[in-house]
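Student: All chains, full assembly: derive it from the sequences and hints.
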Amino acid sequence: MPFVLRLKDGYGLDDHLLRPTQAQAGAVAAYRRDKTGPLSSGLLEMVGFPRIDERLEKYEAYREAKAANGGADPFGPGGQPHFELDFVPMFSSAFQWHYPTPPSGSSLTTIVDLLRPLSKGEVKLNSANPLQQANINLNFFGNDLDILAMREGVRWTYDVLTKGAGIKDVVTGDYPWEMPIHSDEAMNKVVLERSQTGFRESRLPSNIVLNSI
408 MPFVLRLKDG
418 YGLDDHLLRP
428 TQAQAGAVAA
438 YRRDKTGPLS
448 SGLLEMVGFP
458 RIDERLEKYE
468 AYREAKAANG
478 GADPFGPGGQ
488 PHFELDFVPM
498 FSSAFQWHYP
508 TPPSGSSLTT
518 IVDLLRPLSK
528 GEVKLNSANP
538 LQQANINLNF
548 FGNDLDILAM
558 REGVRWTYDV
568 LTKGAGIKDV
578 VTGDYPWEMP
588 IHSDEAMNKV
598 VLERSQTGFR
608 ESRLPSNIVL
618 NSI
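Take the sequence shown: its letter number 199 is residue 606 in the numbering used here, and every next letter is one higher.
Quick caveat, the hints were computed from the structure, so don't treat them as lab data.
Here the structure is a predicted model, which is why all the values come from computation and not from measurement.
All C-beta atoms in this analysis are idealised placements derived from N, C-alpha and C, irrespective of residue type, glycine included.
Derived lysine-lysine pairs resembling DSS-like cross-links, with alpha carbons at most 25 Å apart:
1. Lys570 - Lys596
2. Lys415 - Lys570
3. Lys575 - Lys415
4. Lys465 - Lys596
5. Lys527 - Lys596
6. Lys465 - Lys570
7. Lys527 - Lys473
Ranges of calculated distance between the beta carbons of each label pair, as one might list FRET restraints:
8. Lys575 - Asn544: 40 to 46 Å
9. Ile574 - Asn550: 29 to 35 Å
10. Ala468 - Asn546: 16 to 22 Å
11. Pro507 - Ala436: 23 to 29 Å
12. Asn550 - Lys415: 36 to 42 Å
13. Ile543 - Asp591: 27 to 33 Å
Tutor: Encoded structure:
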């Protein structure tokens with residue numbers, strides 16, 4: 408599930424990559440010259456792999472699932488991380504295509520990935536014809552515990568970014584609206600509305616042309 412925080416001006420790459428500004432012109436010139444500068448960035452340059460056992464243990468549904476799993480954490484029975492956190496230092500339309508790009512300012516897009524969801528999908532054949540499309544049901548959040556885990560993972564990450572030493576002094580607010588972190592019901596709704604598959608094609612903004620034709 409992605410979410411966006413607004414940053415103090417100059418702390419993101421929005422002006423270098425998203426908008427036709429002097430900063431973007433400089434970024435394009437640097438890349439054309441020697442393949443350096445903001446356009447040479449892979450953008451996903453910081454990744455985290457946390458566990459949030461203490462938060463999950465607060466919930467009876469999680470404790471029951473853990474007991475049913477022989478006392479092993481159902482999301483990481485071998486001590487695996489619960490989440491992968493991806494940080495993109497700009498507004499990422501690849502993950503936020505349903506929101507308008509901020510017209511100004513700097514942003515941080517954060518993607519919270521639940522690494523070992525409990526929900527299971529299925530694939531069924533519609534016929535013996537191998538050319539006919541199979542019936543694929545991804546069944547995201549078919550297990551309610553995945554919603555709880557994602558909700559708490561987003562809350563944990565949001566707390567780190569808005570209250571953590573150093574980063575809290577850079578974050579100025581939410582985009583496009585405030586995260587309802589104090590309500591389980593509202594957070595569940597946000598998770599169901601905003602979550603998506605992690606397999607998505609990303610492109611440079613259409614206004615950036617690196618090579619003249």
